[in-house]
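Asks: Each chain, written out:
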Amino acid sequence: MCGHQVAALNQAYHDTLFRFARLFLGNAADAEEVVQEIYLKLLERRATTPEEISRAWLYRVVLNACMDYRKSWWRRRREDANVLMTFGDGRPSAEQVAMDSERAQELRRVLQSLPRKLRAAVILRDLEELSYEEMAAALDCSIGTVSSRLNRGRRILAKAVRS
Amino acid sequence: MTRLIDHLRLRRWLSAYLDEEVPEGMLVQLRSHIAACPTCQQDLVRIRAGRDWVIRGGDTAAVHTVHPWRWVAAAAMLVLAVIAVRWWQPPAVHAMDVNFYAAQFRSEGYCADPCTALDETTLDALRESPPLAMEYPDRLPRAIVLKRAIRYTALGYQGLGLMFGGAGKRIWIFEQPERLSLAVRDLPTAPINICGRECTRIECSQVRLLNWSKDGLSFVVATDLEQGDVEAIVASLRRLKS
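Which chain is which? The protein sequence lines are A and B, in order. Position 81 of the first sequence, counting from 1, maps to 80 under numbering that gives the first Met the number 0, and the rest follow consecutively. Position 224 of the second sequence, counting from 1, maps to 223 under numbering that gives the first Met the number 0, and the rest follow consecutively.
Think of the hints as simulated: they come from the structure by calculation, not from any bench. In this text, a Cβ means the ideal position worked out from N, Cα and C, and glycines have one as well. Careful: at least some of the hints might be erroneous.
[What the hints assert, rightly or not] To give an idea of the interface, some chain A residues facing chain B are shown, with a C-beta separation under 7 Å as derived from the structure:
hint, residue
1, R69
2, K70
3, L106
4, D125
5, Y131
6, A135
7, G143
8, S146
9, S147
10, L149
11, N150
12, R151
13, L156
14, V160
[To be verified] Listed next, with one range per pair, are the computed distances between beta-carbon atoms:
hint, chain 1, residue 1, chain 2, residue 2, range
15, B, Q41, A, E132, 22 to 32 Å
16, B, L79, A, R108, 37 to 47 Å
17, A, E105, B, V78, 13 to 23 Å
18, B, W70, A, P49, 44 to 54 Å
19, A, G25, B, A80, 17 to 27 Å
20, B, P22, A, R69, 27 to 37 Å
21, B, R30, A, C140, 51 to 61 Å
22, B, Q41, A, A6, 33 to 43 Å
23, B, V71, A, A6, 56 to 66 Å
24, B, R8, A, H3, 17 to 27 Å
25, B, L79, A, N26, 30 to 40 Å
26, A, M66, B, D5, 31 to 41 Å
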């Protein structure tokens with residue numbers, strides 16, 4: 000991907016990528032770093048891009064980036080956080096402001112208690128509103144597995160909320 | 000064993016069922032399994048609670064399972080639903096007693112014109128039947144349900160029979176839109192108003208097919224119910240569309 004294409008991607012999907020990463024990772028700073036890493040990968044052609052960008056592909060990219068980020072969390076904490084590239088004007092979107100409410104903080108906190116695969120399924124379906132088919136493509140699994148992961152995730156959430 | 004395997008196989012699709020994402024070929028089977036499986040029903044409630052909490056952005060008040068009073072409300076609703084079902088059960092077709100009805104009509108000389116056909120049917124079918132277009136009660140007294148509905152064809156006329164019952168008691172109410180000549184043999188009678196018409200109640204201790212006719216309309220009320228129950232049932236019947 001060339002710089003123009005990445006900039007266009009940022010323009011169109013930055014909020015979506017950031018929102019998912021923030022929900023998945025639980026905080027804005029990590030989410031921003033993950034999204035920047037995605038742009039960098041695309042610029043350096045370390046990630047393959049399809050001819051036509053779909054939602055499923057985007058979520059798959061951001062989910063993989065989040066997983067990678069978690070794996071290297073301790074290493075990254077020892078390094079200085081260098082912002083490699085900056086896109087946008089830096090102002091929070093209306094959605095981001097809304098997500099800062101007390102309820103949203105509680106939601107993010109409880110979501111963090113879920114195992115990663117279940118958390119990804121719940122976020123993609125109940126917050127990002129992907130179809131099961133899109134989820135199966137994003138998570139690289141069957142539709143039955145999507146349903147199964149949602150079952151487990153939602154049960155845990157219901158129990159957590161009750162307690 | 001098969002049921003257990005089905006349960007394990009279908010259980011994973013509960014979220015998909017909730018989200019209306021179940022593959023078409025599986026929907027009917029899953030739906031019938033859930034209807035018959037209390038475990039899956041409970042699981043579905045839990046899964047829905049988890050989903051709704053996320054969809055509502057972490058609004059705890061929106062999760063039904065959080066507050067104990069919601070359980071109380073749900074239990075009360077369940078009790079009311081059970082009462083309602085017991086109070087009014089949809090009519091069912093019972094084919095086994097057709098011959099019994101026919102024999103009753105032909106027995107003991109009550110019916111001068113033997114019936115030529117006798118069919119059990121449903122209340123909905125009766126409502127849509129033009130020759131017998133009548134209004135039927137939407138509700139019946141407590142513990143009284145419509146047990147059977149039959150229509151019969153005699154020489155030159157058609158008739159309709161409804162059997163109500165409940166709480167170990169039975170009552171028959173037969174309505175005939177056309178005249179049917181019958182005899183009442185040595186049984187005490189009493190005046191009664193049925194659907195705005197002055198009729199005669201035939202008192203008897205056993206369930207029998209008896210009737211009485213006036214102004215071209217015949218009614219049969221043979222009952223072993225308490226007087227009040229009979230009156231309540233009769234009062235709940237709407238006027239005939241003559």
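Asks: Take the hints in turn and mark each one as holding or not.
Replies: Tested hints:
{"no.": "1", "hint": "R69", "verdict": "21 Å, violated"}
{"no.": "2", "hint": "K70", "verdict": "26 Å, violated"}
{"no.": "3", "hint": "L106", "verdict": "3 Å, holds"}
{"no.": "4", "hint": "D125", "verdict": "4 Å, holds"}
{"no.": "5", "hint": "Y131", "verdict": "4 Å, holds"}
{"no.": "6", "hint": "A135", "verdict": "10 Å, violated"}
{"no.": "7", "hint": "G143", "verdict": "6 Å, holds"}
{"no.": "8", "hint": "S146", "verdict": "4 Å, holds"}
{"no.": "9", "hint": "S147", "verdict": "4 Å, holds"}
{"no.": "10", "hint": "L149", "verdict": "4 Å, holds"}
{"no.": "11", "hint": "N150", "verdict": "5 Å, holds"}
{"no.": "12", "hint": "R151", "verdict": "9 Å, violated"}
{"no.": "13", "hint": "L156", "verdict": "4 Å, holds"}
{"no.": "14", "hint": "V160", "verdict": "5 Å, holds"}
{"no.": "15", "hint": "B:Q41 / A:E132: 22 to 32 Å", "verdict": "29 Å, holds"}
{"no.": "16", "hint": "B:L79 / A:R108: 37 to 47 Å", "verdict": "38 Å, holds"}
{"no.": "17", "hint": "A:E105 / B:V78: 13 to 23 Å", "verdict": "34 Å, violated"}
{"no.": "18", "hint": "B:W70 / A:P49: 44 to 54 Å", "verdict": "49 Å, holds"}
{"no.": "19", "hint": "A:G25 / B:A80: 17 to 27 Å", "verdict": "42 Å, violated"}
{"no.": "20", "hint": "B:P22 / A:R69: 27 to 37 Å", "verdict": "33 Å, holds"}
{"no.": "21", "hint": "B:R30 / A:C140: 51 to 61 Å", "verdict": "25 Å, violated"}
{"no.": "22", "hint": "B:Q41 / A:A6: 33 to 43 Å", "verdict": "51 Å, violated"}
{"no.": "23", "hint": "B:V71 / A:A6: 56 to 66 Å", "verdict": "57 Å, holds"}
{"no.": "24", "hint": "B:R8 / A:H3: 17 to 27 Å", "verdict": "50 Å, violated"}
{"no.": "25", "hint": "B:L79 / A:N26: 30 to 40 Å", "verdict": "48 Å, violated"}
{"no.": "26", "hint": "A:M66 / B:D5: 31 to 41 Å", "verdict": "35 Å, holds"}
Consistency with the previously given hints fails for numbers 1, 2, 6, 12, 17, 19, 21, 22, 24 and 25, ordered from lowest to highest.
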